[in-house]
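These protein sequence lines map, in sequence, to chains A, B, C and D. All residue numbers for the first sequence refer to my numbering, where the first residue is 1 and numbers rise by one. All residue numbers for the second sequence refer to my numbering, where the first residue is 1 and numbers rise by one. All residue numbers for the third sequence refer to my numbering, where the first residue is 1 and numbers rise by one. All residue numbers for the fourth sequence refer to my numbering, where the first residue is 1 and numbers rise by one.
Hints listed in this document are in silico derivations from the structure and should not be mistaken for laboratory results. Remember, predicted model here, so these are calculated numbers, not experimental data. Don't take each hint at face value.
The list that follows gives simulated cross-link-like pairs (lysine to any residue, SDA-like), each with its CA atoms no further than 20 Å apart [stated by the list, open to error]:
1) A:LYS56 - D:THR22
2) D:LYS204 - D:THR152
3) C:LYS57 - A:ALA36
4) A:LYS150 - D:LEU43
5) B:LYS465 - A:ALA36
6) C:LYS285 - B:THR515
7) A:LYS465 - D:THR22
8) C:LYS57 - D:THR22
9) A:LYS253 - A:ALA316
Each chain, letter by letter, is given below.
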Amino acid sequence: MSMNNQGRPTRQDNGSDAGGAPATSTGNRALLLEEALIFEIGDAAHTGVDFAPAPKVNSRLGGLDRRSAIGLPGLSEQETVRHYTRLSRQNYGIDLGLFPLGSCTMKHNPRLNEKLARLPGFADIHPMQPVQTVQGALGLIDELADWLIKLTGMTAVAMSPKAGAHGELCGILAIRSALEARGDMRSVILVPESAHGTNPATAAFAGYQVEDIPADSHGRVDLEALKARLGPDVAGVMITNPNTCGLFERDLKAISDAVHDAGGFVYCDGANFNAIVGKVRPGDLGVDAMHINLHKTFSTPHGGGGPGSGPVVLSAALAPYAPLPIVERQDDGTLVLIEEETAEDHHKSSFGRMVAFHGQMGMFTRALSYILSHGADGLQQVAEDAVLNANYVLRALEDVLDAPFAESGPCMHEALFSDAGFAEGFSTIDVAKGLIDEGFHPMTMYFPLVVHGAMLVEPTETESKAALDQFIGALRSVAQRARDGDASLHSAPHFAPRRRLDETLAARKPVLVWTEPDAVIAEAAE
Amino acid sequence: MSMNNQGRPTRQDNGSDAGGAPATSTGNRALLLEEALIFEIGDAAHTGVDFAPAPKVNSRLGGLDRRSAIGLPGLSEQETVRHYTRLSRQNYGIDLGLFPLGSCTMKHNPRLNEKLARLPGFADIHPMQPVQTVQGALGLIDELADWLIKLTGMTAVAMSPKAGAHGELCGILAIRSALEARGDMRSVILVPESAHGTNPATAAFAGYQVEDIPADSHGRVDLEALKARLGPDVAGVMITNPNTCGLFERDLKAISDAVHDAGGFVYCDGANFNAIVGKVRPGDLGVDAMHINLHKTFSTPHGGGGPGSGPVVLSAALAPYAPLPIVERQDDGTLVLIEEETAEDHHKSSFGRMVAFHGQMGMFTRALSYILSHGADGLQQVAEDAVLNANYVLRALEDVLDAPFAESGPCMHEALFSDAGFAEGFSTIDVAKGLIDEGFHPMTMYFPLVVHGAMLVEPTETESKAALDQFIGALRSVAQRARDGDASLHSAPHFAPRRRLDETLAARKPVLVWTEPDAVIAEAAE
Amino acid sequence: MRYLPLNTNDRQAMLATIGAATIDELFVDIPEAARLTGPIHDLPMHAPEMMVERHLKALASQNLVAGEVPFFMGAGAYRHHVPASVDHLIQRGEFLTAYTPYQPEIAQGTLQMLFEFQTQVARLLGCDVANASMYDGSTACWEAITMARRITKRATALLSSGLHPHYVSVAKTMARFTGDVLEHAAPGLDAATDIADLIGRIDKDTSCVVVQYPDILGRIDDLSALAKAAQAAGALLIAVVTEPVALGAIRSPGEMGADIVVGEGQSLGVGLQFGGPYVGLFACKQKYVRQMPGRLCGETVDAEGKRGFVLTLSTREQHIRREKATSNICTNSGLCALAFSVHMTLLGEQGLRQLATLNHAMAVLAADRLEQVPGVTLINESFFNEFTLVLPKDARSVTRALADRRILGGVSLGRLYPEEPDLGHGLVVAVTETATQQDIEEFATALQEVLA
Amino acid sequence: MRYLPLNTNDRQAMLATIGAATIDELFVDIPEAARLTGPIHDLPMHAPEMMVERHLKALASQNLVAGEVPFFMGAGAYRHHVPASVDHLIQRGEFLTAYTPYQPEIAQGTLQMLFEFQTQVARLLGCDVANASMYDGSTACWEAITMARRITKRATALLSSGLHPHYVSVAKTMARFTGDVLEHAAPGLDAATDIADLIGRIDKDTSCVVVQYPDILGRIDDLSALAKAAQAAGALLIAVVTEPVALGAIRSPGEMGADIVVGEGQSLGVGLQFGGPYVGLFACKQKYVRQMPGRLCGETVDAEGKRGFVLTLSTREQHIRREKATSNICTNSGLCALAFSVHMTLLGEQGLRQLATLNHAMAVLAADRLEQVPGVTLINESFFNEFTLVLPKDARSVTRALADRRILGGVSLGRLYPEEPDLGHGLVVAVTETATQQDIEEFATALQEVLA
Ligand SMILES: Cc1ncc(COP(=O)(O)O)c(C=O)c1O
Ligand SMILES: Cc1ncc(COP(=O)(O)O)c(C=O)c1O
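The following block holds chain A by itself, in its conformation from the complex:
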């Protein structure tokens, strides 16, 4: 179909689903509004801000004054508000409905947390202010740290990592520092196949070789095989618990003992901590380091991809190597910030610094607000309801969807299904796209890799029974269509702002920035 450069049909056409309905000249469909790019609607001669006139001074820019145009379009305030409001309406979010994205813990994001994170006392302070002027901020970090340590049963926590993967890096570096401190150069980190991609990527990023840990037929780590592989070259293992099949690693304690006996350390990927918070403390299972995704378990919003926050709790063995900066409470109750300036005396063995400042303050505020709202009792209830919801979904659908590990007993916070049983040529993606039409965000697709056509469903504890029942009904009907080979599933979604998008084209000839149409034509002409 021919298009103009604003994604609007040049032939009047509302797509195959418009049926009897007449085309619109705008390409809009009532409240489904098309929106062009800012480069197509704005220009350098319009703006949405006013400034007081600048005092006249002699430039001190060292002769580097910008001469050429930058090419940044401006919009009036209303056009700006409209542009982003319209774009937002093309998105799905937790606020719209159930978002069962396995491994991502898409739970409710309370607005109280947004409000408190915006208190000027937290949002409008500079990271390098003299510590006497930020005692409340340091106090908040200290209070959150105390919660994380107690909830996990560990010794210390590194607050600065900016997300889960960054936390993994922090943990691995702590392990490596501890090994080096005893002059022990090990080169290998063991990672299960079912692990999230960040685990192997992190180990490699930290300079380690990565080897697989085999899994048993029940979706858990094969303890014996693991023991067999342990040795003087193994720095540690990275284990996700509950693992990405939604199962609790029963043998974690035994694994830890074995790894420790072999002189290694145990890193636990805590992305799935939501399933066990208040029910078990990883410290009691021999874990040496674990990151906590505040943007999962503690509900800081995902924001369409970030920011997150990945504090890392550490065992006594790794605590001395925690990165700077570190918040420490003095005997007189005042708080100090240990940075390079004071590290020598207080934190000699810290392995260094991971970020420019103190980590994700804005996320700390939200997480503490969330934690205090639930309290110790509420957080335990969180884990119980998360697990209850997942098992409810698992049992309600196992008759229409293959559940590979259903036999291994109850799942934890997520229910894992596979595409076994679908009609020839139908796969997980068809079910996912079918769910979109039903008004739900799809589950995680094709992960973990250990299951064919994996569908990983994590409802979280913030879904009501009614919401689960509606979701189950919808997934049941879509799954049935996949079993029956209903061809219309291949062309789903039918009602979304866009139909299936051509990812191959996007990757084959990447267009990553906007360029003037004529420029495009010129290029094409070459």
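Use these hints to put chains B, C and D with the ligands onto chain A, whose structure you have.
What follows is chains B, C and D with the ligands alone, placed relative to chain A:
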């Protein structure tokens, strides 16, 4: 089609426009989400709030403790956020697109104003706090009042009226008080046919008889006919300027002189002040009282029907009768609030009190923020751009839409069209509903009454040329379809959350509150 | 300027299309003499966002914020904790920047919300139906009196002495012009309300009796007998509720037979706002629906048979009926009604009852403590979250002295009834869930100092 | 509890469906010994919203708010006025509560925004392409160094002495483990940067030269010669921009030949936030795109031929390539990128240039005024909105003394370079549009007092 009680088809069906697309089991269409009533999804046993346990005390409720159930459903916080987020997505607002509702001045609502209205110093103070604790709030009211007086060239302003109609009432009561003060009992208020419904309703509400003022063929008040009607029984006239045909009443000064000579007063409906702010001061045209819709000219949000605010500026002749409370600045700079307590000494002749407290503080804050942002220069630009945009629309569409008064020269802030020229059986409503599919809110329909099938288009100054051009293109195409008799217009809108709604049914058997389905059945069975 | 998208080029191009040489050609209809050329004098020019923010913040900082001090004020406006999600939701552009839902196909969000609001209000007040909101409690009260006049064709209204004096003023102001007769006297500083007296005064000219529940002094009294008496005489009982949270703990006026129940909804979702915007609640018996003022949302179906909502029975309203309308109201308090409804949905029956219980408990604690202040007496036998104290001194000066100590300690009857010297020592004290035991202690201590 | 929709009845019903008698049956896989029964000790129980708000407000009130005092701090984090509409828009539920756009059909809002962000960033930094954001400037800087290593197959990076010391620390920390060699020395307190020196040190082992522009002391220097020299030796020039607003006034690093330009985007839309979350900017030449870390959004079409956007080139990323990925980053700074993009859209070219001009002008005024303080010297010949003063005293104690006077007067080099006694008297002062002439005056006066 059969329905369950949640507006969802019981037969799978997505409506005639779904065309080839398969039905969904939920009734949702991707991001177009159906949402049941809170009474259908919540119940008395769920809640979205927590409270500290209440201290034990002996009840002092005088034995009136509530025994029966109230019937108020509760939802968890996430369900609540989701419910209202989903509902909001079924609405159109200025933030989504052009909202050319004539006479309503749907302009951009800056978020700065929302932010400032929420400063605890304004939002969290009690109306009866000792005045020494609210000097800033009184100062804000005083500053806004000063602007309104200067912009209109009047003597005083009554700030407490809660909306335009309430302001009209204030003005008419001031007129009546002034007449009574001179022992002059007049019984008639003259109002043009083209006036907004609140004008006659207000005059009647204040105990006056209402008589029409004839209009001339150019859509303005017929000066001679008006003069002829003036006499000892006429308390005053209510004139809208610019009038609801979007035209400026050229003869207003002459009208005022005539009315004053006949012993009456001139009330001006200032709802359309946006067209002339900074270009002319009503006080210079002999107006005695005029309300200003802060929710129009000064951009406080309409909020789906309110709240508004309708301060009334008064001439020297009416100022003494202004209602309480009144903010007054002392010589020492401090501000006092004149209420019943102090009225005796300061405001003997005030006609009384119109509201419990001081009027719409929250709207005052927003309006002052808007006014200071524009300044005297910006407000004049507002009027010029509003009028420019309206004339641009008028001239761009005269060829496809009949513009009854186009000959009378330029329009002010709104362009008036009629349904003349549409094919047999096509009317204004068809064009309006067609515009909905195009992604625009319709213009005001069938008002003013003086024009057949009136379409009153007020773009406001906050629309860009690009937005106007897109709107003009869409309206042109829909108007052409109405001329050509395109039957699909009768069934528009096709893409909105609902098709045309049955208003007759709603009025014939009013269902104004939700009742348990079985109750409904029982009732039906009677 | 940031809110004006047109720049000079745009304006030139558009003038060209219009066929005008200058913008002033479009303003020819304004008489030359009155037309302004430059900006109006001695008014400031446009300002950047940052400057406007500084200026208003400076004004805001001159006010004593209720949330930052021990706070005990009520008398028609109550401070309750409003969940953060309420304010987030009412700021969604699709709610905030929408107009009155005259195009229902793209206003179902507002319409369904109003239908839910009407149902919540009707149930809370104990009535069959409720409207889509009025300006505030005081104007709703006057509208109810005129409605009773239309229904009964009688023009005399008996106003209880317990009715909020500002509501009385508003009614008296209007009555002067409409010819309605209003009978009213100020309250006495004792535990008994004037219900018995009112019953005695009802006669064949009485259109309605207007009684506040709980009343201005915080007293609660059973309305059943009053309702029966009024109805027996062909008059209506109008009940006024200024603190809807009370109805989570005590019986609703509708339950006790009131024909029309109006109220101030500010307590839920809206906040103090220095008096506005607030939200008027208006509910009544089914049989009076066609005499109601204001907008009504009703259920219907669309062309496909799907349930939907529309504004209905508009033949009562000014835009259709003009001078024959039941009221002149047009814009109402839509967004405040949304805030009220969202807050009520978060509470639900369980939450509302807990909230009411907590309010009453804190009020009882406060009453007991304040009574111990030498010279202070409590007049109420019954109350919900508000009661009246009699002080050994003029209460106006006391509230000012307390304010100097950064305590907002109630509303003086002297301010509410300037013309009633006998009430000068009365202080109305409200206590909600936002007050802590420490606040109560600080208040009591400061009161003792001020009275010493 | 308000965030948990299930009540006891719901839980019972669901357990029944599952066929479990108790919730603990679902936790059988947790070893009995380690399984917790009751809530963890000495941690508080759940709290109402009002209580949580009180507690956090109390903490917030212990901090000195930048906006309430004369404020002159920078050194990698700058205070600019963020229009109110930015914060409103990023709080739209559809942006705030969305996940990474892995389902593009219902994530076009986020995707189109990212495509616009990438274009804005690429243009501002003067590069061909940019990614969808990194954690912050410091991690973006390290990622750039590893990218240069992958491209050049060399492992020695020359870090300019003008590079932010925290960025240097982050890189050094990582290099210890990856085996990269980093050459770096602390800056001298003089007007000249070390560009000439760097050019001299480039050799065949050099993977890249990393230079900050403007640098940590606020100095601006032309990068063209450095770019040429690096490229001539087969190395890359990596430029680091910690104050993107500067690029509204001065030439972009890309224009001057930088191969990779990374930066901290916090200045636009994000705010100070006590250091996070911020947003890392990452841009480079087209030819290096397949070596970039992080997410990339690209244009494509849907099944109907309509333009749409998707995440692309994911074969670089951890979820596809695992240990062979270009980086381990997954979650990035999406919402901060949105804030940056919205703010940039409001500004546009015109607004950004005005903002930059205003920043420079205020900084020049401040520099001139502060130089007049006895004993104070300015080292910069060139600067944008930040410059370095040498004080007659240790600057750490001065900043603390100023703070006691409620003035936040810059960042001391002593804190940034604890191991460099020679820098102890250095003070880095930033001046943005939020500073008034009065703020400058108060700062100068207080500084004089403190130094006296
Ligand atoms: C199991 C697991 N580990 C690690 C991560 C990485 O966390 P982040 O995205 O915060 O870097 C994720 C998040 O997607 C995850 O699901
Ligand atoms: C011309 C005119 N007059 C009066 C009014 C009434 O104003 P309000 O709705 O604020 O009562 C309106 C608003 O609709 C109007 O357009």
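Please flag the earlier hints that this structure goes against, numbers listed from lowest up. 1, 3, 8
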